[in-house]
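Please put together the full structure from these sequences, using the hints given.
Going by mature numbering (1 follows the signal peptide of the UniProt record, and there is no 0), the letters in the sequence shown line up with residues -17 to -1, 1 to 343, in that order.
It should be emphasised that the hints constitute simulated quantities derived from the structure, not laboratory data. There may be inaccurate statements among the hints.
Distance ranges between label pairs, derived from CB positions [to be verified]:
1) 77 / 321: 30 to 38 Å
2) 128 / 217: 49 to 57 Å
3) 166 / 336: 26 to 34 Å
4) 53 / 320: 37 to 45 Å
5) 77 / 217: 49 to 57 Å
Beta carbons: idealized from backbone N, C-alpha and C, even for Gly.
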Amino acid sequence: MRITPRPAAIVSLSLLAAVLTGCSEESGGGTAAAGSESCASSDVRLVGQVRNESNPYEASWLAGGDAFAQSVGLKQERLTYDGDSTKQQEQISQILAGNTKCLVMNVLPNGDSDTAPIVKGADQAGAYLVTQWNKPADLKPADHKTWLSHITYNGVESGQQIGDALSTAIGGSGGIIALQGVLDTAAAKDRFAGLEASLAKNTGVKLLDQQAANFSRAEALTVTKTLLTKHGDNVKGIWAANDDMALGALEALQQAGKAGKVAVVGIDAVPDAVSAVQKGDMTATVSSDGTWQGGIGLAIGYCVATGKLKVADIAPANRAFFAEQFLITKDNAAEYATPKANPADFECANVFNRVAGPLT
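What follows is the structure, encoded as structure tokens:
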């Protein structure tokens, strides 16, 4: 599936607040976390949790959460756990130990196995939860009361899209290396499956080597240098499961005197990567719109907590879904150069407008 890009229309944050207020006036009722009355807007506690702020994609996620929180007169609590599952669980436990009646959490689980305890804790505490990217296939929001939605992206599609773009960039033949992400994540698994699908179609392209670099620029720099030394001029392209690793690969190519001689692709559309695509240093990336992700998870929870959206009225297909994603090449990179929140996306009537299909 190829999604046509839709550049964001930028509206003031004060307008967003007014729209959300209007949403409250038009819709009544709702289920508060404690199961009784809806929360006043001022009583809602907004928490966003990602691995770290050094990753530009996750930094844009937190920035999107800040923008949404400001629009409704609140402040997002920003939590980072440095890719440490134990630290993530400890942070969640501490949050859930307090007053959870009007608590809304937008969480990036470190890996698939980390999602179940987060969901269990939120359920027991009555806290509203939206998760993104990682969860086991058999764990479903519809089976839980306050786990409102799980948002992810078709990693097979994006992995294949950039694989095809890489094949085109190297003329349909030659050797490539692959930088995988955190292996205990659906995103890493699905994106690599997409690369494999691309290789099956583009039979002239050969995968010389692949190694996990854990979605880290620093690790990708080291891994790429090692693989370039191992495979030399046979490397015509580098497929990276995210942009941070793609940028690490670009740095390795510069250090090896191969800048501009090896095609590089990634996923996430972080500003530095989009700039690299504009300049021709990178071939392609895919946008999942981290700014939107950071805002939308909080917006869904806020609308439910304040009674503007009823859990019972959320369509089953919107409890766990693929969101839209956009392929970015040099032709359209200018449209994505500066990540921006589109306030209209966060209106209570629109929070599920980017659903591309149910997660089955």
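Quick rundown of the hints versus the structure:
One distance hint, 30 to 38 Å for the beta-carbon pair residue 77 and residue 321, holds here, with the actual separation near 35 Å. For residue 128 and residue 217, the hinted distance range of 49 to 57 Å is satisfied, since their beta carbons lie about 55 Å from each other. Under the hint 26 to 34 Å, the C-beta atoms of residue 166 and residue 336, about 33 Å apart, fit the expected range. Remark: the range hint 37 to 45 Å for residue 53 to residue 320 is contradicted by a beta-carbon distance near 23 Å.
Separated by about 50 Å at the C-beta atoms, residue 77 and residue 217 satisfy the suggested range of 49 to 57 Å.
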